[in-house]
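All chains, full assembly: derive it from the sequences and hints.
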Amino acid sequence: AQSVTQLDSQVPVFEEAPVELRCNYSSSVSVYLFWYVQYPNQGLQLLLKYLSGSTLVESINGFEAEFNKSQTSFHLRKPSVHISDTAEYFCAVSDSGGGADGLTFGKGTHLIIQP
Amino acid sequence: DAGVTQSPTHLIKTRGQQVTLRCSPISGHKSVSWYQQVLGQGPQFIFQYYEKEERGRGNFPDRFSARQFPNYSSELNVNALLLGDSALYLCASSVYVGSYEQYFGPGTRLTVT
Numbered sequence: 001a002q003s004v005t006q007l008d009s010q011v012p013v014f015e016e017a018p019v020e021l022r023c024n025y026s027s028s029v030s031v032y033l034f035w036y037v038q039y040p041n042q043g044l045q046l047l048l049k050y051l052s053g054s055t056l057v058e059s060i061n062g063f064e065a066e067f068n069k070s071q072t073s074f075h076l077r078k079p080s081v082h083i084s085d086t087a088e089y090f091c092a093v094s095d096s097g098g099g100a101d102g103l104t105f106g107k108g109t110h111l112i113i114q115p
Numbered sequence: 001d002a003g004v005t006q007s008p009t010h011l012i013k014t015r016g017q018q019v020t021l022r023c024s025p026i027s028g029h030k031s032v033s034w035y036q037q038v039l040g041q042g043p044q045f046i047f048q049y050y051e052k053e054e055r056g057r058g059n060f061p062d063r064f065s066a067r068q069f070p071n072y073s074s075e076l077n078v079n080a081l082l083l084g085d086s087a088l089y090l091c092a093s094s095v096y097v098g099s100y101e102q103y104f105g106p107g108t109r110l111t112v113t
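Keeping their order, the protein sequence lines are chains A and B. Heads up: the first sequence begins at 1 in my numbering, then just goes up one per residue. Heads up: the second sequence begins at 1 in my numbering, then just goes up one per residue.
Hint data in this document are derived by calculation from the structure and do not stem from the laboratory. Each residue gets a CB set at the ideal place from its N, CA and C atoms; glycine is no exception. Take these hints with a grain of salt, some might be off.
[Stated by the list, open to error] Label pairs and their computed distance ranges (CB to CB):
id	chain 1	residue 1	chain 2	residue 2	range
1	B	111	A	61	46 to 54 angstroms
2	A	28	B	41	21 to 29 angstroms
3	B	61	A	30	47 to 55 angstroms
4	A	114	B	20	39 to 47 angstroms
5	A	80	B	15	46 to 54 angstroms
6	B	79	A	52	37 to 45 angstroms
7	A	42	B	20	33 to 41 angstroms
8	B	83	A	53	43 to 51 angstroms
9	B	79	A	42	27 to 35 angstroms
10	B	113	A	1	46 to 54 angstroms
11	B	70	A	114	46 to 54 angstroms
[Unchecked claim] Computed cross-link-like contacts, DMTMM-like style, restricted to lysine to aspartate or glutamate with a CA-CA straight-line distance of at most 20 angstroms:
id	chain 1	residue 1	chain 2	residue 2
12	A	78	A	66
13	B	52	A	101
14	A	69	A	58
15	A	78	A	20
16	A	49	B	101
17	A	49	A	101
18	B	30	B	54
19	B	30	A	101
20	A	78	A	16
Written out as structure tokens, the structure is:
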């Protein structure tokens, strides 16, 4: 069985400041890792994913995440946040064996951008 | 192209009733997954269907069932509703099972009173 722990339920940060949202996972098999973002009253949007290759993955809107196998982590970072980044962020994991068992999500981190 | 669509947007039901939620995947996507998101929690996997067959099931009671139609749309049925079934139900589509590019719909908000 897999599990995902998002260590912070809320992260307040000032506009243009850097931010890190933490994610740790546990699994007995190889995994794929994802970050999803959920804006109010909307569904989930895929932000970025790690499947293989480079352990540093980037999104088109300035977020990046680094897969650290030894620490079983996949933290999300952005060097300078904007008001529009206010949302709920979910880390998710899937085993690499075929994907039919769906994604396992963490409880989410609410990113609050203060002007 | 249209994204994943779900209907209805909101629904209020009474304990013991039955409910059917609907999902239309992105054109060309053959796999549909269902998730339950209780307030304040992350989504939990319920089912995955591909080519009209159930390919994966999460840890949910038999009151939950689903099916997929020849046009790849899907329905989620929940019988004998409990207060704890109140949640946002999300549908996600992907090209095939095992494809990790899952695209989520806006969800159906179910309230059980």
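Can you list which hints this structure breaks, lowest number first? Hints 1, 3, 7 and 10 are the ones this structure does not satisfy, whereas the remaining hints hold.
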